[in-house]
Amino acid sequence: MSWRRLMAVARKELIQIWRDSRSLGIVLVMPLAMMLLFGYGVNLDMKHIPICVFDREGSQKSQDLLKRFQSSDYFEVVRAVDNYPALVKAIDSGQVRMGVVVPHDFSERLRTGETATVQAIVDATDDNTANLAIGYTQAVVSDFSQQVQLDWLRQQGRPEPKPPISVNARTWFNEDLESKAFIVPGVLALVMSVIGAFLTSLTIAREWERGSMEQLISTPVTPLEIMLGKLAPYFVIGLLNTAVCAVIAIWWFEVPFRGSVAALFVSSALFMVVVMALGFFISVIGRSQLAASQIALTATFLPAFLLSGFLFSIEQMPAVIRALTHLIPARYFVTILKDVFLKGSSLSMLEGELLALTLFAVALTLLATRSFKKKL
Amino acid sequence: MNGSSVSVRDLVKKFGDFTAVDHINLETSRGEVFGFLGPNGAGKSTTIRILCGLLRPTSGTALVAGFDVAREPEAVRQRIGYMSQKFSLYNDLRVIENLRFFAGLYNVPRELLEKRIQWALEMADLTGHERQMTGTLPGGWKQRLALGCAVLHQPPIVFLDEPTSGVDPISRRQFWELIHHMAGEGVTVFVTTHYMEEAEYCNRLALIERGRIVALGTPGELKQRSMKGELLLVECAPLGQGVELAQKAPGVLDAAVFGNALHLVVEKAATAIPVLREYLSQRGVTVSRIEAIAPTLEDVFVSLTAGHKELA
Amino acid sequence: MTSGIQAAISLQGLTKSFPGVRAVDDLSFDVTAGEIFGLVGPDGAGKTTTLRMLAGVLAPDAGTAVVAGYDVARDPESVKRHISYMPQRFGLYEDLTVDENIRFYADLFGLSAVQREQHAVRLLAAAGMGEFRKRLAGKLSGGMKQKLGLVCALVHRPEVILLDEPTTGVDPVSRRDFWRILYSLLAEGVAILTSTAYLDEAERCHRVALLHQGRLLFCDTPQELKGRLRGAVLAVRSAEPRAVRDRLQGAPGISSLVMTGDGVHLVVDDAVRRAPELRAQLAGSGTAFESIAQVAPSIEDLFVNTVSGGRAQ
Numbered sequence: 131m132s133w134r135r136l137m138a139v140a141r142k143e144l145i146q147i148w149r150d151s152r153s154l155g156i157v158l159v160m161p162l163a164m165m166l167l168f169g170y171g172v173n174l175d176m177k178h179i180p181i182c183v184f185d186r187e188g189s190q191k192s193q194d195l196l197k198r199f200q201s202s203d204y205f206e207v208v209r210a211v212d213n214y215p216a217l218v219k220a221i222d223s224g225q226v227r228m229g230v231v232v233p234h235d236f237s238e239r240l241r242t243g244e245t246a247t248v249q250a251i252v253d254a255t256d257d258n259t260a261n262l263a264i265g266y267t268q269a270v271v272s273d274f275s276q277q278v279q280l281d282w283l284r285q286q287g288r289p290e291p292k293p294p295i296s297v298n299a300r301t302w303f304n305e306d307l308e309s310k311a312f313i314v315p316g317v318l319a320l321v322m323s324v325i326g327a328f329l330t331s332l333t334i335a336r337e338w339e340r341g342s343m344e345q346l347i348s349t350p351v352t353p354l355e356i357m358l359g360k361l362a363p364y365f366v367i368g369l370l371n372t373a374v375c376a377v378i379a380i381w382w383f384e385v386p387f388r389g390s391v392a393a394l395f396v397s398s399a400l401f402m403v404v405v406m407a408l409g410f411f412i413s414v415i416g417r418s419q420l421a422a423s424q425i426a427l428t429a430t431f432l433p434a435f436l437l438s439g440f441l442f443s444i445e446q447m448p449a450v451i452r453a454l455t456h457l458i459p460a461r462y463f464v465t466i467l468k469d470v471f472l473k474g475s476s477l478s479m480l481e482g483e484l485l486a487l488t489l490f491a492v493a494l495t496l497l498a499t500r501s502f503k504k505k506l
Numbered sequence: 019m020n021g022s023s024v025s026v027r028d029l030v031k032k033f034g035d036f037t038a039v040d041h042i043n044l045e046t047s048r049g050e051v052f053g054f055l056g057p058n059g060a061g062k063s064t065t066i067r068i069l070c071g072l073l074r075p076t077s078g079t080a081l082v083a084g085f086d087v088a089r090e091p092e093a094v095r096q097r098i099g100y101m102s103q104k105f106s107l108y109n110d111l112r113v114i115e116n117l118r119f120f121a122g123l124y125n126v127p128r129e130l131l132e133k134r135i136q137w138a139l140e141m142a143d144l145t146g147h148e149r150q151m152t153g154t155l156p157g158g159w160k161q162r163l164a165l166g167c168a169v170l171h172q173p174p175i176v177f178l179d180e181p182t183s184g185v186d187p188i189s190r191r192q193f194w195e196l197i198h199h200m201a202g203e204g205v206t207v208f209v210t211t212h213y214m215e216e217a218e219y220c221n222r223l224a225l226i227e228r229g230r231i232v233a234l235g236t237p238g239e240l241k242q243r244s245m246k247g248e249l250l251l252v253e254c255a256p257l258g259q260g261v262e263l264a265q266k267a268p269g270v271l272d273a274a275v276f277g278n279a280l281h282l283v284v285e286k287a288a289t290a291i292p293v294l295r296e297y298l299s300q301r302g303v304t305v306s307r308i309e310a311i312a313p314t315l316e317d318v319f320v321s322l323t324a325g326h327k328e329l330a
Numbered sequence: 000m001t002s003g004i005q006a007a008i009s010l011q012g013l014t015k016s017f018p019g020v021r022a023v024d025d026l027s028f029d030v031t032a033g034e035i036f037g038l039v040g041p042d043g044a045g046k047t048t049t050l051r052m053l054a055g056v057l058a059p060d061a062g063t064a065v066v067a068g069y070d071v072a073r074d075p076e077s078v079k080r081h082i083s084y085m086p087q088r089f090g091l092y093e094d095l096t097v098d099e100n101i102r103f104y105a106d107l108f109g110l111s112a113v114q115r116e117q118h119a120v121r122l123l124a125a126a127g128m129g130e131f132r133k134r135l136a137g138k139l140s141g142g143m144k145q146k147l148g149l150v151c152a153l154v155h156r157p158e159v160i161l162l163d164e165p166t167t168g169v170d171p172v173s174r175r176d177f178w179r180i181l182y183s184l185l186a187e188g189v190a191i192l193t194s195t196a197y198l199d200e201a202e203r204c205h206r207v208a209l210l211h212q213g214r215l216l217f218c219d220t221p222q223e224l225k226g227r228l229r230g231a232v233l234a235v236r237s238a239e240p241r242a243v244r245d246r247l248q249g250a251p252g253i254s255s256l257v258m259t260g261d262g263v264h265l266v267v268d269d270a271v272r273r274a275p276e277l278r279a280q281l282a283g284s285g286t287a288f289e290s291i292a293q294v295a296p297s298i299e300d301l302f303v304n305t306v307s308g309g310r311a312q
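One line per chain: the protein sequences are A, B and C, in this order.
Last residue of the first sequence? That's 506 in our numbering, and every number before it is there in order.
Last residue of the second sequence? That's 330 in our numbering, and every number before it is there in order.
Last residue of the third sequence? That's 312 in our numbering, and every number before it is there in order.
Because the hints were derived from the structure by calculation, they are not lab data.
Honestly, I wouldn't trust all of these hints.
Stated by the list, open to error - Subject to a maximum C-alpha distance of 25 Å in a straight line, what follows is the list of computed BS3-like cross-link-like pairs (lysine-lysine):
1) K138/C x K104/B
2) K473/A x K504/A
3) K138/C x K32/B
4) K225/C x K241/B
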């Protein structure tokens with residue numbers, strides 16, 4: 131292998147990346163844009179869910195209960211209705227996500243020690259929000275319910291019992307911070323998929339499209355030199371981007387970083403090898419840039435987005451899909467990222483994932499080198 | 019209408035800083051085969067597109083079939099046929115389907131449709147091949163079909179942009195037969211080409227380079243009048259030494275190797291021949307043959323443009 | 000590995016087929032060092048396919064080709080070290096400067112920086128491009144791009160140069176510069192194989208192989224080729240070429256007739272005999288003409304005559 135030939139290919143590729151405003155844009159702007167987009171744009175917690183209330187009794191007690199909904203951060207009472215059709219219309223039209231109905235015998239039942247039923251009608255077209263809304267409602271009501279019980283006992287003159295179980299509602303409240311901490315490290319995986327696979331998938335296809343490949347293969351340069359030379363700039367750029375994104379995550383988004391820098395870079399480098407080998411292979415088989423870029427997006431970015439555990443929890447997926455995610459390299463990398471950032475895992479603790487990535491790296495590299503031939 | 023089919027005055031087209039067409043003037047008459055000859059990038063395709071009403075000129079006027087291309091491009095387009103460089107036939111349609119498609123585009127009236135299609139098929143010598151898939155036709159046949167499709171509405175003026183690039187010589191001759199036949203019926207045919215020798219087929223030529231016309235006339239006129247000097251063929255040995263000496267010889271304007279011989283441009287062939295024979299043999303170069311030859315259009319072109327400094 | 004007697008390029012029965020078409024059919028010829036050899040024929044004749052096989056980027060189906068002493072089928076990578084190949088869509092990188100392009104190809108062939116600079120300066124001067132070294136290749140004119148392509152192909156001083164239609168569409172002045180550079184290489188013993196679709200460009204070569212549908216029609220010097228034409232060529236100058244054509248069509252002794260812009264171009268069996276006959280025929284019918292003269296035959300005349308069997312038009 132000739133070092134000079136390899137460097138010639140690498141130098142040319144680097145100059146071309148620098149002078150091509152589109153790929154330069156992807157390299158410089160895209161990582162920042164993604165970090166900001168996902169850091170700020172995606173928010174898994176819910177606040178100010180619009181609801182409407184239907185007080186069929188209109189008593190002090192019912193108003194007390196409804197006031198609790200009003201004062202909660204999680205709800206916003208946008209309407210009060212006085213009949214069912216209006217409530218149904220409010221939900222149908224999307225004006226509110228939930229309607230709370232207090233029955234006409236609310237106070238009566240409370241006074242006699244019977245259980246009063248408060249009805250909550252939820253728009254479950256978005257089941258995430260629906261589940262949360264129901265959960266919050268139950269919390270509000272159960273709080274009120276406890277209060278009612280305590281008042282009753284006080285009236286009876288009995289000593290105030292300690293509630294046997296106290297519910298700490300804090301879980302809901304920290305959801306905010308947690309989601310960002312989980313999401314932002316995963317953005318690194320997306321960024322590297324784009325740089326490592328999408329950009330590299332264009333490089334061989336571009337030479338074919340421009341017509342320069344025919345002349346290139348008539349020179350003494352070997353397929354290995356072409357591959358390594360073309361991929362080297364993207365490798366360096368990919369790692370630089372990892373560093374930049376990590377810095378943004380830690381400094382700007384205040385995501386905790388409890389692991390070691392070495393662990394981050396070793397795993398990033400390994401993942402880069404995986405996606406670059408895949409990108410190179412795609413570039414060889416898709417002879418046009420258009421075909422190659424579409425295959426690259428479908429084969430790397432989409433799975434990284436949907437199936438790596440970056441945004442959507444793998445545990446919640448159906449068993450078949452869960453099994454499928456084992457074939458997605460990004461899945462292992464996202465796990466590593468989260469562990470390194472949030473749990474402070476060292477390399478030895480990540481053996482399983484690193485092994486998986488190494489296997490992918492070896493297999494894909496072999497595939498890539500075998501696929502590229504110096505023949506028309 | 020004053021009888022000329024295409025009339026261009028001071029036509030200019032700029033793309034940003036770049037002047038593609040630089041004050042072009044020309045006139046063609048009915049039934050004339052007019053050639054626009056120049057290398058790639060000289061401005062031929064740009065000019066044709068302006069004349070077809072596809073591009074707006076920056077300044078100047080062009081009248082095609084009596085209509086101003088800038089002000090009434092639609093009227094122009096109805097009266098012209100255009101065969102583009104990468105012609106627009108659909109390879110996955112049959113011959114007859116392509117013809118019907120273009121007939122539809124040109125709004126050929128229904129009563130005349132079948133007749134015109136038959137006419138185009140005969141003219142292109144494709145009768146009997148109506149059902150053939152266009153993609154399977156050999157290159158020269160596709161060219162004729164493309165021409166047929168471009169003239170279904172029998173326009174008085176036809177623009178052909180590099181119509182015979184890559185086609186074999188026999189098919190090319192057949193194609194030019196076709197063009198001359200159309201001209202014979204009164205159609206003005208405006209052809210662009212970068213192939214100097216193809217220009218011999220034209221009645222009149224404009225040589226264009228970097229957006230400017232450097233010469234205008236019949237092929238014969240251009241070879242006689244526009245060529246600065248006369249052309250000599252010299253066979254001598256050793257050749258390399260011969261050309262170096264010839265470049266410095268008296269009366270020689272230009273000397274170049276051409277295959278196994280030299281081509282020299284001299285002021286007057288009759289006087290130069292004996293002088294050169296003497297000059298070369300005195301310096302150790304044996305001359306086996308030296309005679310005047312007819313210049314080609316390429317020689318004319320070079321003598322007209324070699325003075326222009328390369329601006330890249 | 001090339002000795003003086005061995006040909007620089009040697010083809011024997013070279014064959015290549017693609018689905019439905021035999022692109023190159025049993026091709027055999029030799030090219031010696033120090034000559035410019037032309038591969039001539041229209042599109043589809045097999046020129047590009049032949050060049051690709053000789054450059055080692057396309058494997059032949061049958062036959063052998065030895066280039067610079069190496070068999071292209073068995074050892075293509077060795078061939079590539081000794082040759083330069085400039086395909087039709089040559090590998091100029093438009094987003095790199097002239098210098099960067101030259102450096103890239105020089106590095107691929109293992110040239111040192113000193114060697115590269117020496118050769119580049121010389122070649123760029125010959126091409127008249129010395130002041131454009133820092134310019135982006137994409138911003139050069141067509142003729143300059145072609146010359147730059149040639150410079151990149153020559154910077155490593157190959158023994159054999161393969162060029163596929165290198166001057167198509169290029170302005171005539173640049174074409175002359177291009178050929179001047181090629182001729183200057185011959186003194187160093189380089190073998191140049193170039194292809195063209197324009198039969199008249201073949202006259203610039205020392206020897207020519209005329210191809211038609213993958214087969215070799217002729218292989219000889221241009222002068223010899225023109226001499227092979229059965230018959231002689233007459234040119235009739237007239238302001239009414241159509242009338243002349245109509246009048247002379249079918250006249251005895253004419254094997255081909257074609258109309259040009261200012262006259263008619265004929266191939267006859269015997270110029271001395273036919274010229275006065277034709278003159279009489281035209282004068283007799285009152286068809287105006289300026290002159291009838293014998294002219295030198297062109298390679299295109301030979302091609303058309305051979306392929307169409309000399310059938311009357």
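Here's how the hints hold up against the structure:
| no. | hint | in the structure |
| --- | --- | --- |
| 1 | K138/C x K104/B | holds (24 Å) |
| 2 | K473/A x K504/A | violated (47 Å) |
| 3 | K138/C x K32/B | holds (17 Å) |
| 4 | K225/C x K241/B | holds (23 Å) |
The earlier numbered hint that this structure contradicts is number 2, and it is the only one.
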